[in-house]
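Start from the sequences and build out the full structure, keeping to the hints where you can.
Protein chains: 2
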Amino acid sequence: MASSLMGCQLPLSLQKILRLSATGCRFSSKAAPKTQVEFEYDGPSMKTTVPGPRSQELTKQLGGIQNVAAVNFFCNYEESRGNYLVDVDGNRMLDVYTQISSIPIGYNHPALHKVITNPSNMSAFVNRPALGILPPESFPDKLTESLLSVAPSGMSRVQTMACGSCSNENAYKAIFIWYRNKERGHNLPSEQELSSCMINKGPGCPELSILSFMGGFHGRTMGCLATTHSKSIHKLDVPTFDWPIAHFPKLQYPLEQFTRENAAEEARCLEEVEDLMVKWRQKGKPVAGIVVEPIQAEGGDNHASADFFRSLRNIARKHGSAFLVDEVQTGGGATGKFWAHEHWGLDDPGDIVSFSKKLLTGGFFHKFEFQADQPYRIFNTWMGDPTKNLFLCEVLDVIRRENLLDEVTRSGKTLLNGLCELQTQFPGVLSRARGQGTFCAIDVCDETTRNKILIAARNKGILLGGCGDRSIRFRPSLVFKEYHVHLFLNIFNDVMTQFK
Amino acid sequence: MASSLMGCQLPLSLQKILRLSATGCRFSSKAAPKTQVEFEYDGPSMKTTVPGPRSQELTKQLGGIQNVAAVNFFCNYEESRGNYLVDVDGNRMLDVYTQISSIPIGYNHPALHKVITNPSNMSAFVNRPALGILPPESFPDKLTESLLSVAPSGMSRVQTMACGSCSNENAYKAIFIWYRNKERGHNLPSEQELSSCMINKGPGCPELSILSFMGGFHGRTMGCLATTHSKSIHKLDVPTFDWPIAHFPKLQYPLEQFTRENAAEEARCLEEVEDLMVKWRQKGKPVAGIVVEPIQAEGGDNHASADFFRSLRNIARKHGSAFLVDEVQTGGGATGKFWAHEHWGLDDPGDIVSFSKKLLTGGFFHKFEFQADQPYRIFNTWMGDPTKNLFLCEVLDVIRRENLLDEVTRSGKTLLNGLCELQTQFPGVLSRARGQGTFCAIDVCDETTRNKILIAARNKGILLGGCGDRSIRFRPSLVFKEYHVHLFLNIFNDVMTQFK
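The listed protein sequences derive, respectively, from chains A and B.
If you read the first sequence in my numbering, its first letter stands for residue 1425, the second for the next number, and so on.
If you read the second sequence in my numbering, its first letter stands for residue 1425, the second for the next number, and so on.
Since the hints were made in silico from the structure, they are not lab data.
Heads up, some of the hints might be wrong.
A pair holds if it fits inside one copy or across any two, identical chains being indistinguishable in the list.
[Unchecked claim] With a straight-line cut-off of 20 Å between C-alpha atoms, the simulated EDC-like cross-links for lysine to aspartate or glutamate are: (1) K1761 with E1569; (2) K1471 with D1918; (3) K1876 with E1826; (4) K1471 with D1797; (5) K1707 with D1918; (6) K1655 with D1870; (7) K1655 with E1615; (8) K1655 with D1731; (9) K1709 with D1666; (10) K1707 with E1826; (11) K1791 with E1766; (12) K1674 with D1731; (13) K1538 with E1695; (14) K1707 with D1666; (15) K1709 with E1631; (16) K1625 with D1666; (17) K1703 with E1561; (18) K1625 with E1696; (19) K1484 with D1797; (20) K1655 with E1481; (21) K1655 with D1797; (22) K1655 with E1617; (23) K1484 with E1793; (24) K1484 with D1565; (25) K1484 with E1569; (26) K1674 with E1906; (27) K1484 with E1561.
Just so we're clear, the structure is a prediction, and the values are computed from it rather than from any experiment.
Structure follows, in structure tokens:
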């Protein structure tokens, strides 16, 4: 089958795939409409426990080359389709984690295959340009067609980067440059600044800071890591900056029962932000920018209200600090809007929005005033990869054509309702069901049980991920329909009976 | 032509290309053998000054989206071949800069086209995995076939990353983790370490440092940037670390005339390194690692002797510090050996070697003891891109099959001899011709003249890059033959007559 799929007769022969997908379904929900994802299978199919023997063999082989302690199993990407990830032992799993939330429209989407088989795209793949100095002819049009077509409110400019960490690192640099230019009244830097920065000293290398939140995750390179506070293992042993860290609200669920408590919690955190900004200014390390995720993902799917973010945005403005919204994990549609910050209802949601993962390319949108005043300040050899823009054009087209944001909203409601029912059913084990769109999570009583549930679910054909210390995060692709939600809920319910 | 090249009848129809390449040659060297690069043109062909009208139009368009002050011109990558980069105005230039030294075997090499048209590679392009958790079946084999087949002496392990900066950032982290594990006697971290690092404090976030050199360039993310000291504009306004910076030898040329002075200069720099290591230990910020380029590229193509590097490597060992060789620009064959550090003749050249650019993927090789002890410490979502490994397999195959390292050595000798002749001919303008393989450079009397030469050469069909404050760097691909050297020298000589 792989060979027929991969051959020159592409795009996919849908009939053949549909014929094959009729086999191997073990679970089905009477309540669910038939799948609308035409090129995929219609259910999980498990042949071994996971990792199976072939995965174990390959893990051993790869272990001779690099650390494999995080490897779950090896995949057969050729055979994977839509919401289904197939492993090298022939197990087919419903993927509710999607490569750490980075597969936008499922595996082997025919629209993406077209990008590869289109002869006019060939040279983009084999001649990777230094985009900052020698861009290809199609680059401005492709940026317009892809990223600019989803530019956040108030942001007309975008810079691509290779990954999420590079996106945030460069966004921080853009913030520092903007802040210092403001401080020096947009005059040229002094000789002393130019010479001192060469030897890592002030005033050229200033003592500025970025304010971040406990539980936040913004990447693992050293600038980003100074603002990441989700798990100690990410940060241990790495030198860092003395930058302020505020508490992120810890909301109590169900929200409607804790309106007052949650409002007080958010007010407390906002007050701390202001206190820290004053304190760090007094310390001589003013806060040039605030960075925040609309939903703290890696740190445990911590939500806050739209009011909280609106107030935070105002605090940044009031103190003359930039407001950077990190949408690396939340961006791309999973919350039911293309950007999670759209749920805040602001015309001016931020100064910079960073992205990666589902956008396939890293990068950041920004207001005009955050563009560096000179060339080579925000720069590197590749500055992203224009082939990723080609794929993104197709992804956005599919999202629009198939109204995937509406689908996500619908699937998300069903998913969250189902999770709420499950936590009623398993009150000692599950709690705090929460989410926006399909970007959902639920807490487990403790970390050990959480990890056991993840493995048990995997062996039943459901691939999930953890986050925080005891949460499960649901990160399906945008083609995860109500049909798949029911399929998932049925199996997950089955899994949970072992943990009652 | 582009459409026939890109069609399904790929790989390239060499006959058609060869037929076309017979036109448009303006320069030729009687002394040069006929080109051995079969799929390319046989000379530059200029139609407009560069940037031409179409490039200017596109620059204006892109200027509405991002900073374009560094854009040279827009390219027609479809029509580019081998050593020739074609722009959107139909100008065809001999490319001696190759996308900041990142095109290994020329444009549109038929071997790379094969990767795209091979149906079994399709799914690798459209399903980008989270390599650290869900690698594809072929991943260990492809790593073995590509990167491990060129592993530096003593290094059996490799970690891929998306770009050069991420490679060095993660190499630094690997060094810090290694150093602290050593310090704590490989015991588990304390509770205090685990909790303090979450709030950016010691002992969990230790005060460790990386020693770097003035003139060095190791990337632009904040960890890397703390070790980059090539140009102030890269560093201005960005907060940084108090890490030690030693002087890199400033050799006098021609080397044979300054043996004693250069030896003294290198000894002075080595002594400074040791002094700084002692001083920073006393400051409570011990040097966990030394990072150095075998040839400081961005900083001005500064060379040092093999003796210097051998001594430096010993100093690192003596002080219990890691030795990181940054081969992002020097790696991949341009010096006539696959790794520039091979010229040092050491069995134990370093603990870590980082790479990117010509290797098409970023990453770093390392000794076993530099592998993080736990998962998720050296980690990110994508951990590189396995499609780049597919291209790299082909590149390495071409390098071996066509003995490109020998070719580079041969072309490099001719190039350096030619540059030495040119500096004799233009003594007031050119000086300090230097190089290893085709990784050559020459100095110009001042920055303004250097920049004028670059533009004049470009308008004559030669694409070059600057480095340092007044050097020209030559960074052809590995298929730059003696034929191309002569072609280049003829035109460059012609250009230089304007600057006499």
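Hints and how they fare:
1. K1761 with E1569: within (19 Å within a copy, 43 Å between copies)
2. K1471 with D1918: within (18 Å within a copy, 71 Å between copies)
3. K1876 with E1826: Answer is neither; intra-copy 36 Å and inter-copy 54 Å both fail.
4. K1471 with D1797: Neither way: K1471 and D1797 sit 58 Å apart in one copy and 33 Å across, limit 20 Å.
5. K1707 with D1918: Intra 55 Å, inter 60 Å, cutoff 20 Å: neither.
6. K1655 with D1870: within (16 Å within a copy, 51 Å between copies)
7. K1655 with E1615: Close across copies (13 Å), not inside one copy (42 Å); limit 20 Å.
8. K1655 with D1731: Neither: 27 Å inside a copy, 44 Å across copies.
9. K1709 with D1666: both (9 Å within a copy, 15 Å between copies)
10. K1707 with E1826: neither (53 Å within a copy, 61 Å between copies)
11. K1791 with E1766: Within one copy only: 17 Å inside a chain, 47 Å across chains, cut-off 20 Å.
12. K1674 with D1731: within (15 Å within a copy, 59 Å between copies)
13. K1538 with E1695: Close neither inside one copy (52 Å) nor across copies (59 Å); limit 20 Å.
14. K1707 with D1666: both (10 Å within a copy, 18 Å between copies)
15. K1709 with E1631: both (5 Å within a copy, 19 Å between copies)
16. K1625 with D1666: Both. Shortest intra-copy (16 Å) and inter-copy (8 Å) distances satisfy the 20 Å Cα cut-off.
17. K1703 with E1561: For K1703 and E1561, neither the intra-copy (49 Å) nor the inter-copy (52 Å) Cα distance is at most 20 Å.
18. K1625 with E1696: So K1625 and E1696 pass the 20 Å test across copies only (19 Å; inside, 30 Å).
19. K1484 with D1797: between (50 Å within a copy, 17 Å between copies)
20. K1655 with E1481: neither (30 Å within a copy, 49 Å between copies)
21. K1655 with D1797: between (36 Å within a copy, 16 Å between copies)
22. K1655 with E1617: Only across copies: K1655 and E1617 sit 12 Å apart there, 36 Å inside one copy, limit 20 Å.
23. K1484 with E1793: Only across copies: K1484 and E1793 sit 18 Å apart there, 51 Å inside one copy, limit 20 Å.
24. K1484 with D1565: Classified as between; 12 Å across copies, 46 Å inside a copy.
25. K1484 with E1569: between (44 Å within a copy, 17 Å between copies)
26. K1674 with E1906: Neither: 30 Å inside a chain and 67 Å across chains, both beyond 20 Å.
27. K1484 with E1561: This pair counts as between: shortest inter-copy Cα distance 12 Å, intra-copy 45 Å.
Of the numbered hints listed earlier, those contradicted by the structure are 3, 4, 5, 8, 10, 13, 17, 20 and 26.
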